[in-house]
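Asker: Chain by chain, the residues run as shown.
There are 4 protein chains.
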Amino acid sequence: MQADELTVKQLGPCAVDSPLMRAAGGWNFDFIGDERRVLMDITTQPRPDCEGLSFEQAGPRRKIFFDPKNVRAAILTAGGLCPGLNDVIRGIVMELHYWYGVEVVYGIRYGYQGLTRDTQWPPRPLTMDEVEDIQAHGGTILGSSRGRRDSGEMIETMQQLGINMLFTIGGDGTSRAAHELACEIEKRSLPIAVVSIPKTIDNDIQFVYRSFGFATAVEVSKGVLTCAHVEAKGAPHGVSIVKLMGRDSGAIAAHATLASGDVNYCLVPELPFPLEGEDGLLAHLRARLPQRNHAVICVAEGAGQHLIGDSGRRDASGNIKYNDIGLFLRDAIAADFKQHSEEVNIKYFDPGYTIRSTAAVSADSIFCSDLADHAVHAAMAGKTDVVIGYWHGVFTNVPMAAVVGRKRRIDPRGKLWRAVLSATGQPGHWGLKA
Amino acid sequence: MQADELTVKQLGPCAVDSPLMRAAGGWNFDFIGDERRVLMDITTQPRPDCEGLSFEQAGPRRKIFFDPKNVRAAILTAGGLCPGLNDVIRGIVMELHYWYGVEVVYGIRYGYQGLTRDTQWPPRPLTMDEVEDIQAHGGTILGSSRGRRDSGEMIETMQQLGINMLFTIGGDGTSRAAHELACEIEKRSLPIAVVSIPKTIDNDIQFVYRSFGFATAVEVSKGVLTCAHVEAKGAPHGVSIVKLMGRDSGAIAAHATLASGDVNYCLVPELPFPLEGEDGLLAHLRARLPQRNHAVICVAEGAGQHLIGDSGRRDASGNIKYNDIGLFLRDAIAADFKQHSEEVNIKYFDPGYTIRSTAAVSADSIFCSDLADHAVHAAMAGKTDVVIGYWHGVFTNVPMAAVVGRKRRIDPRGKLWRAVLSATGQPGHWGLKA
Amino acid sequence: MQADELTVKQLGPCAVDSPLMRAAGGWNFDFIGDERRVLMDITTQPRPDCEGLSFEQAGPRRKIFFDPKNVRAAILTAGGLCPGLNDVIRGIVMELHYWYGVEVVYGIRYGYQGLTRDTQWPPRPLTMDEVEDIQAHGGTILGSSRGRRDSGEMIETMQQLGINMLFTIGGDGTSRAAHELACEIEKRSLPIAVVSIPKTIDNDIQFVYRSFGFATAVEVSKGVLTCAHVEAKGAPHGVSIVKLMGRDSGAIAAHATLASGDVNYCLVPELPFPLEGEDGLLAHLRARLPQRNHAVICVAEGAGQHLIGDSGRRDASGNIKYNDIGLFLRDAIAADFKQHSEEVNIKYFDPGYTIRSTAAVSADSIFCSDLADHAVHAAMAGKTDVVIGYWHGVFTNVPMAAVVGRKRRIDPRGKLWRAVLSATGQPGHWGLKA
Amino acid sequence: MQADELTVKQLGPCAVDSPLMRAAGGWNFDFIGDERRVLMDITTQPRPDCEGLSFEQAGPRRKIFFDPKNVRAAILTAGGLCPGLNDVIRGIVMELHYWYGVEVVYGIRYGYQGLTRDTQWPPRPLTMDEVEDIQAHGGTILGSSRGRRDSGEMIETMQQLGINMLFTIGGDGTSRAAHELACEIEKRSLPIAVVSIPKTIDNDIQFVYRSFGFATAVEVSKGVLTCAHVEAKGAPHGVSIVKLMGRDSGAIAAHATLASGDVNYCLVPELPFPLEGEDGLLAHLRARLPQRNHAVICVAEGAGQHLIGDSGRRDASGNIKYNDIGLFLRDAIAADFKQHSEEVNIKYFDPGYTIRSTAAVSADSIFCSDLADHAVHAAMAGKTDVVIGYWHGVFTNVPMAAVVGRKRRIDPRGKLWRAVLSATGQPGHWGLKA
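Protein chains in written order, with my numbering: chain Z, 45 to 478; chain Y, 45 to 478; chain D, 45 to 478; chain E, 45 to 478.
In this list, chains with the same sequence are indistinguishable; a pair is considered to hold if it fits within one copy or across any two.
BS3-like, lysine-lysine: derived pairs with alpha carbons at most 27 angstroms apart: (1) 53 - 459; (2) 113 - 231; (3) 459 - 107; (4) 459 - 113; (5) 53 - 231.
I should point out that these hints are in silico values taken from the structure, not numbers from a laboratory.
Can you build the whole structure from these sequences, using the hints too?
Answerer: See below:
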């Protein structure tokens, strides 16, 4: 990566005094200058591939691009549900209103669908009253959807509504579409800022150290693992299989495993485990059950693709639809024990939708309001085609192009996986290259 | 039913003074005499089929059958998990110890399997220390299993261990087996009491007004329905289907529907709903979604058998294995909307194991300790072949034969179903005979 | 008590067909006739003082007094908060709307204050939309207040608004005021029904077998007791004191003690415990701590009045303001240990407001909607000066005069207290007459 | 601060191969070298006072000081309770066992009291079995206490037990005592490592970016604030005051305010608010209540010391005992409204012990196991007089002397306080120097 790939685009020069300069009774805040940057490698001996690389620090600018009284903002949520969506929506409306005095904020319904020409779902004005209590509820008051729409068509809708500031909250697909939209806007030289708040319950976005909803997902998952443990111990040779989210990264599975303390096998996409053979999961289970009577398996949905292959189908966001590794494991274990004439009682848990739709825990809730805060400051300063990142505890403005399509994964040599191995006692060499 | 069918069997005369007479510093309690009976119909104008019928009130007797110092008790849990099992186990151990001074209590492992001749799982002595905190955990510390075992063989095991008091905690199958066991014991004229605490998360046992674990099941189910509502509202034309327990009775589905307030269709075994046709569920959904954008369906696992039939298989307890009505509905709705070229986004929730394995809420926890208390008093008084019932707020001793095989069901003309109709707004005539 | 004291007043003859007769597509429900009554003593050998006594069963009548299209209903909540208030409000609005088609329902603000002549808080119309989600929140959307108001003045306000049906939700003071109001209405021969839903978090209303909010209060209290246990064990000679609600009855303290399993001393108003002396609480604590290192005390706010006396003050509802037994115990224990030169670390918990203001658990929530349902049926049938009772699992219509001023208390010889003694191991003779 | 103040002490050279080099089936992990350091200021333009300053990165070393088979470790917890203590204890035992094969771990009872000569509480061996499930419970299985003990005496006790590795988990006072102990050990040239895991529920330790238990404290506090909001809205002119922990820093109050969204005034030690006068809290309340009917005040225990002064007393840890700002505010507001003849209904919440004694949420739980992991690696590598820090997401080894006595505080110009102002709408100039 080159340093200039981390340079944030700007709609134009910042000539307006920020209202924060005189906010709250003569008080002013720590403004951040564009030149303030956070190192990619924060140690005294940076890795060669990080040398010279840094992120623009996010936060309020003393001079801003938009005159607040001319701003007409819009917010949309796209992709799957994730705890905290309403917190982000609420935060954006509140920050725009409270610090900048922006009064016109549209909620776009059902993701990009709400920006199409003949949408059935017209935008919904978002007032302070309307967003006041929404953070107590899971999901998104705007609705969400998958799939892209034509950038030109969406720009026309925005122009009809007079929108000059768009906040998109969504995952990789959403950011990709937002990036295309921003590029098309740039091509047309329109003064419309596009700022993305990255959403991934899997916590696997590159340059986003932590993503909102993840803490909540782990908390709920831990509760399910406790139930799975109870079920496994409740029957002779009881085996519980819990499938958790994680298409490309087992971050939720690994963290839930640590939080729970009850998992015996944590299976993640990053480390393909052997199923058959002397060293395979089945043989391990057959050895374990006569001694310990039970086993709990926590499997990320993207794990074991070497065993089952993908389904060849894609969802509307373009994500590959995987075959269900949880059901596959259930059947494989049942068949194996039957073949060896041993009793086994398998319980399968698939709590995905319950995890996604829960209201955010406090840590996520606060993090969401921070993200919203920084997104608003970025937009007001005329930054565009930008994602709000979080790097070593500092919020950053990162060009969308630098984030899109890059996934963060569990490092099998790092402390997270080391902790998983000691928590589960599972074989440490599984999935490693010989 | 004849009055004598409600007469409880007795191992022999009660000649021992109850330790409760001098318990707790000279104090004694309200003893209950065997002649104290609770009316089956508690109104001034009893229904003809209840006339003359009453239940023996449970509780401590002044004179008891067993000399506490000779008692060797055993407890077993059988069938599926249910919130509160550990509470009942703990309660029995504590009451035996505290009020009667019984010191020997065995925990039989994995249901009736633990009473077979060559069981891999020998009984585990249950001390006060061991049961002290178990109520904080779901499941059963003893493990459970399905299926019957030979009564003679189990009696031999009990005799080897010197057990003269057996508490079984389980559902209809367990009670049936306990009844057989008690009959065989009677045939052999052995002084062994068999007392059953009825377990049915579905709350469908006849003469058991309320069963333990039900309040917890409804509480957890309500949480899942909230998530289902969030998911349904989160996508265009979102439909959430939540399958809840309830093979023969929709009690959990109905109560969770009332507690939630978010359900639009509550489908139960007692009222077969139409799927196709002008008045069918599919037509209703197709009319609803364009207007309300979302729908939540709560379906009991035993509902819709007229549509899918059973699988022809039975589990180890002898229960019919139903085809999955939830998956069936999911596919039927998807196909129907596809055929009508309308968008629909279906989310399916199957939280059964999570509901079963949760620790009991306080109300259930207290109810469990009450059940345990009355089971211990019944056993000490030499009652046998008996189930602890709960009738209009009073604990009762009911002969097993009167309970086994009888199910309680939702009355479509009663207040529960009336409340469901007003909560959902679903068609009130569904499932009624014309 | 005489049988006619349990006869319910009626505004006039019921000449209107209930809409439930043709509700829900030709279907009709189990109507209840006024002659249907529930026995006060439900056993085969009733106690002499219950002989001949019974309660009118509540529920929908085939013929009703009010023509639904002329009904203008009002709801008010008074006294302290209690989990479930919003559930009752919602239930009343929904049942009036759904089954009877009543469209005008006023929410009276801040209890009887909202019916005074020059109230600052005008009534708020309650629509279905407004009450849709209120059960998810604790407290009351109407606000509450203590204190009585002039009946005549309130009647005038009601007449100005055209209100002919008033639902009051409140405790003993509220019911007393409602009774006075109903009497004044009767005196003036006005066709206004007054129906009360009894509220007492302490669960101590006579003829009300179970009161709403109690299950929730116990659940929250149990959580606090768990914390108290942790704190007590966390310090050398740790003592935790938890004060729970219960002015006249220790029902919450006793049930929370059972649900928790962690309490060593449960102190209730019904059984005055000795503090000083060889057999007193202090001596017991001094003996216990060197052995067990910790102790948890759960004390009802009305306990120990023989030790501290009341404060001589009354709150706006006329309730005696007690001195704080929790603080008294804290200081007494600290002084005693200091005097004996022994270490003690006391932690004091006073969670009252947190308990009151929590949203209802499912069991309470459903119970509230049942209460609302029966209150609506009673009012529509022209019953007045009436409280909705709950007797052995059946909802009843009880004249207010029969309920007001009568408190239910823990029976020291009954099963609840017996269970508390075995759960705590505390001296069983405390508080008993020699 | 000088760079060498951040240099960590070492018991001696590291000559033993770490077992992690051959752990888990031939696999080895990312070892960290002592030269790897994290910058204090992680931006491209460091602040002058951070120039040249960095922290040693914590983690496993390839070569270690102790031969695992000779290690006898001990763990103690001191000071007030904090969510996560049991997680840390469990983590230390597990990491010592799993990665290094250390089998002897003592649990010291009740803090430093357990290391005194004639302690009543002998140490308790900690096995894997004993710590298996302790993380599910709040508090500390070891007990805790306040106050220092003589270093020499404690060293003798350790020597008698053969302890050569001490983990202390505690706050500023505990670290100070651990530092003295380590200095005394150094003076005596003993090969005993002393490693401290910093505990402060207030999250106010310098160089410790985030402290364990904080996320849990905020989560529980948020729940109490919700109740406070309900109570405030439930009465005419309702005011709820919630006192939260925070002697020197309002971090919990500020974060809970953000998480809740229901707070109108957040009062913290860092910003002394005016009480009286036109711009004071009382005048603000009097203006607010007639309009909004309610107010929620969240106050850190250390706030308002300019108004009430300290009590002049100190607890056993040497912390100043503050007068109770919550009670002071309650009385001041009541008096002020009385004087102005306006109604006010105040509810006071003091949930401190409930917050401290709750089991850790998942995020804290995982963080605790990370802290334990790094503490174990530090101790095995012979590092001593060291605290495990957390800096911009990286675990660090920090000399105790650099941490003790330094507190982190809310920056009134930073993003946290900015967010509090927009969440509450309270005056932004309160507490600022003119």
